[in-house]
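Could you use the hints to bring the two separately framed chains together as a complex?
If you read the protein sequences in the order shown, they are chains A and B.
As numbered in our numbering, residues 1 to 187 make up the first sequence, in order.
As numbered in our numbering, residues 1001 to 1575 make up the second sequence, in order.
Bear in mind the hints are in silico, worked out from the structure with no lab data behind them.
Cβ atoms here follow ideal geometry from the backbone N, Cα and C, with glycine treated the same way.
Hints are not guaranteed to be accurate.
[Claimed, not checked] Here are the computed distance ranges between Cβ atoms for each label pair: (1) A:Gly-185 x B:Asp-1103: 49 to 59 Å; (2) A:Val-140 x B:Asp-1128: 43 to 53 Å; (3) B:Gly-1101 x A:Val-64: 22 to 32 Å.
This is what each chain is made of:
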Amino acid sequence: MSALKIKKGSSKHSAYDLRNPNAEIIETHTLAVVVDNEAGVLARVIGLFSGRGYNIESLTVAEVDHTGHRSRITIVTTGTPQVIEQIKAQLGRMVPVHRVQDLTVEGPSVERELALFKVSATGEKRLEALRLADIFRANVVDSTLESFVFSVAGATEKIEAFADLMRPLGLIETARTGVAALTRGPE
Amino acid sequence: MVVQALKDQGVDVVFGYPGGAVLPIYDEIFQDQGIKHILVRHEQGAAHAAEGYARSTGKPGVVLVTSGPGATNAVTGITDALMDSIPMVVLSGQVPTFMIGSDAFQEADTVGITRPCTKHNWLVKDTDALAGTIHEAFHVATSGRPGPVLVDIPKDVQFASGTYVEPREAPQGHYNPRVKGDIEMITEMVAAMETAERPIFYTGGGVINSGNVASQLLREFVEATGFPITSTLMGLGAYPASGKHWLGMLGMHGLYEANMAMHGCDLMINVGARFDDRITGRIADFSPHSAKAHIDIDPSSINKVIHVDYPIIGDVGHVLEDALRIWKARGRKVNKEGLAKWWAQIEEWQAINCLTFKNSDQIIKPQHALQRLEALTKGHDRYICTEVGQHQMWAAQFLGFEDPHRWMTSGGLGTMGYGLPASIGVQVAHPESLVINVAGDASFLMNLQELGTASQYDLPVKQFIMNNERLGMVRQWQELLHGERYSHSWSEALPDFVKLAEAFGGKGIQVSDPADLDDAIMEMIRYDGPVIMDCLVEKHENCFPMIPSGEPHNSMLLGDASTQDAIGTTGAVLV
Ligand SMILES: Cc1ncc(C[n+]2csc(CCOP(=O)(O)OP(=O)(O)O)c2C)c(N)n1
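One chain only, chain B, in its complex shape (with noise of 0.2 Å):
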């Protein structure tokens, strides 16, 4: 019945771990081939391989598990899902009815533990009732903001018999969020940006969960108006890297004009965005001068943070169409002037050059690791995704994104671990395709057992660790607010990563000197299998630009500035 279920949602794959209460439904599995299964070999791997793939098509990730440690291994993503707000349908067996709450063994609360992490949950204690909750996960995890449910199974509902009831004949919840926008609203915005000397679009992950659609009307609107465009993190390829208006990314390590852009702008239209503490800095000094705009499915994510004047609750995809209708029906107007000047002080911003580095001929910088990948990848059909720390930083501030769902990265809960589940997700999602991990050393440690994940499946995914044998932003933090005293902060007894990728039966290369990088690229990007690809990079390397924690937009660091005593106390206690 289960698996019935899920082909009727037009599920094809699942990411997996068996154990004893799952065991009807693995034996489902087994005796029904229409549904792909993907064995991991860790729940968090099961977890980060289904927000790939969802990231990757927009569809659904589905996540089968047993309970007790089966549910709990797999919170950590559970929640990475929740924060960055990926549809996940995640099934947990649970103990048989009639043995909750004895402490049986492998029994956990699952449906409590999870609570707080997933959209919504539920414990189905009825067979009859296991179809229709199924088909309602589906529709809760998918409609408004997106995210991951849960549903707990307990083994004899498993194995009892039931009614089948299909997705359309499942009785809808009334969970049904609002997806067009006020029209009132939405033309008080547009009268705004009619006569907007400094706008900006200021673009989240939101455009990309909205759908293609959201990201067509967006590039449409930002070409029209000639407005300049940036975007958060999870945004990232919504509108094109190679745009004539893009600014490249903003927040705590964007890029100078984004931000500089943002705190000096009059009107700030952000779509699908939440103000995140990564993005505001100091939250008194904000944006200061701007009227702002803020399209969100989610009503409570406007004025959670940042007081706006122009609230528009739907779904950007709607939004964005009236908005486009509207401003074309009162006649296309922009401030031609105003942008003319505005335009004029972001190319100044712009020549300042932020993300100069001093490059080497000795030691490979890793920010030239990634220019050179980036140069070398770019016509590929190509997905990245990260782990977490200063490589995920310099991934996006130097590799270019030009088409939503190819950047898949662990942005709310900044997940170590992330990103070699994700890439395996992605590549079980897109198997033609180039998919590149750039992970760092100690991130990559976090989840490597899933190296045999990829060599069952034979999913050729590149995972390009800057290896600087340090826990890299760890070490900056601690070098710019803890008076250089690296605690704990570096690499020690790592592996031989070539042996490591040989023993898991891929393919290992080591690169140290500059003048081999572009052949270790290709020797990745063309040899047909999972690689690890050990890049050896300066070690002391701080990224920039950062905002330091509790700063304003306007008080960035660039890498050649003295960086001593720049962050004060109050910031220091920030994370």
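One chain only, chain A, in its complex shape (with noise of 0.2 Å):
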């Protein structure tokens, strides 16, 4: 060790490799996260994941107590496991952040979203997707001659699978929410 080594040639890692999406398993999360509803926290949270180059699959906001002017921000996020642990911590220290939990690990949890389908169709293709919004509970919300809007609810799967089933029947627009998502049981 004490003999001087002066290295040629190339080298094949760097601290840049750090983020290698190869590098590990990527998983997907789905973090909870309790803020002070103040202006400008979501525009803050947002530009954390774009600014160190994080995913958001899905996000989701809304004020859940109005006396303490509390927001739940939901996120579902891709990460390899060292990626995800920072995107928390990084979360844990904002100043306007109570809480992040991340509901993949404290499982079990329920997540749900809500999406609207606009369907165009006429004649047999018009039956088929209302025998189908019938099998994925969807409900219609507003109907005419020629079109539907179809309602659903449940975990994203569910979401996708209606969604790919709506395609060549005629979907033309979807709208979704994004995921909501609490812990199971009493606490």
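So this is what it looks like as structure tokens:
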């Protein structure tokens, strides 16, 4: 070790490989972040994600405690375990953040999303759309002679499956709320 | 109301520059003599001066700027403070609330622009909330990991009257980072210290931010255990350079023995440092055989870059106090045999004398200039600032710091133009002390307008320019990485620095002969007023040791080594 080792040639690793997405398994986590509902708080949270190169798959936000002015932001994000830990720590140290919960590890939890689908179809396709809607317990919230607007609530996979089925039948527009999530049980 | 809030926060000086949107606050300052205002020449200067003030006192620096360009000019200094965890409170004027969003004259989305470069910021829309927000701003800036905060105050809010609240009546936000470390984890770390054969303390700016008690505890711990200690650029002075366990700075331009010891240790105790890429080099090969403890007040620093075995979240001072107490209670054990061998190995590395350079009696070598500066200023009540470049690294290598708060440099952001205004902030805080800014010719030109500030307030700052007529650090990289193609890395049309000093009402000294160096330095020290010392140095000197980007610690380049082709293609894309 005491020999003076002066290295020549190329190097393969560097600090910039840290977030190499292939280095480890990518996980999907759902985070619940309770924040003060003050001006700019959402921009702060989103800015953290874009500034540090983290992913946002889904994001929902609403004030959940009107007297305490607290909002709950539910974020679905992906990354290596190390990146997920960083995201939680970075969120946790923000001044308006009260609590960061990782519902994926603190689970079990329930996750629900609401989606609206506008489907334009006539004839057999129209009937098929209605039948499928029934199976998915989607509600018809608007209808004309050549279109429906369906409302579906459920886990993200269910919403995706419904969208896949509607696409060949004439799906023309989609609106989704993003994921809302809570842990199960009394706590 | 703003001035009252500042006074109640113990603020004695504000660095600022007026404009339309802050006139009501300037009016308050005019009528209330309780606060000293230093009029800078550019808002970036105000921010760096506040950093110098904060870094040299441990108190938050306060900046006052107008809306629009005033605020945007301050952004570099705010970002600098964020990167180096310097407590700073910036008050900015804003167009009146009813004009926000209308692209009004000198309107900028200051809160939006500074969101990513502050620890937190606020737009105050209601005068009743103004005092409370300012108090909270001071709390956030100074607690936990310190940093800059900004309070944006629309002009109508400044004009209106509202109820004032004192700091202790102010609504307490919930922001209260934890300072005590987990006792079980501290005990595990202590147990590891008892048996380690090749331990090392690796300390950073967090020790200095934690306060003088932390430095005291660190010193006591190092002396009692006999462990070697190295520090980052930001942590110099926490442990004295004259201390017998001191290995010198580590990192890209750190000392051979420090980097080799980091590479070869079996227990690394990181105290308030953050495994920055200037320190770690190639991550995969960073200190491969060590268990690592990391004491940091910021949970997001832990496991960010390097996985550690003993993560301890807490204030350095508190954690060191507990660790020292536990270590004593368990019988003050260390692995004496292992340590003796370890020190023998370290002494071998030290014997390489990695800072050796070829001196000359024809031309002043930059390293020699700093050795003389060190020798001639050592006993003084001395504060050192730097700009950014080779001179900065040489200053870190060749000047010795005995106490915390004596070394002000832009570490994380590496901001050229930091040093001159920072030296002004330091001198404001310590009017009787010797304040020296070790500068490069190129960096110095980035904020030279602040000479006017030094002159106006009789601040006898000494600007020690190591003039190589080059963007030296850039030139060095081009030599090593870009086939000696020196693209735009020399300083053409440099001003006559002696005349420049005189034009601003200071004294200029030029020196080029090594034989005249000591006299010139003494003349600089003795002169009662701002001085520019134009020290003409060797133009093509390189700064060594150097760990090329993307290389591990034990692949260090030393001065006499052949440096050609030393940096691989992957390393070349790194900064
Ligand atoms: C604001 C800013 N712009 C560019 C750089 C990139 N940079 C780093 S060192 C350096 C050269 C500094 O030259 P000088 O101040 O003369 O110091 P020397 O390296 O010659 O000692 C440059 C351009 C920087 N650090 N900061």
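Evaluation of the provided hints:
Look at Gly-185 (chain A) against Asp-1103 (chain B): about 52 Å separates their beta carbons, and that is inside 49 to 59 Å. Take Val-140 (chain A) and Asp-1128 (chain B): their Cβ atoms lie about 51 Å apart, and the range 43 to 53 Å holds. Roughly 28 Å separates the CB atoms of Gly-1101 (chain B) and Val-64 (chain A), a value that falls within the hinted 22 to 32 Å.
In summary, the structure agrees with every hint in the numbered list given earlier.
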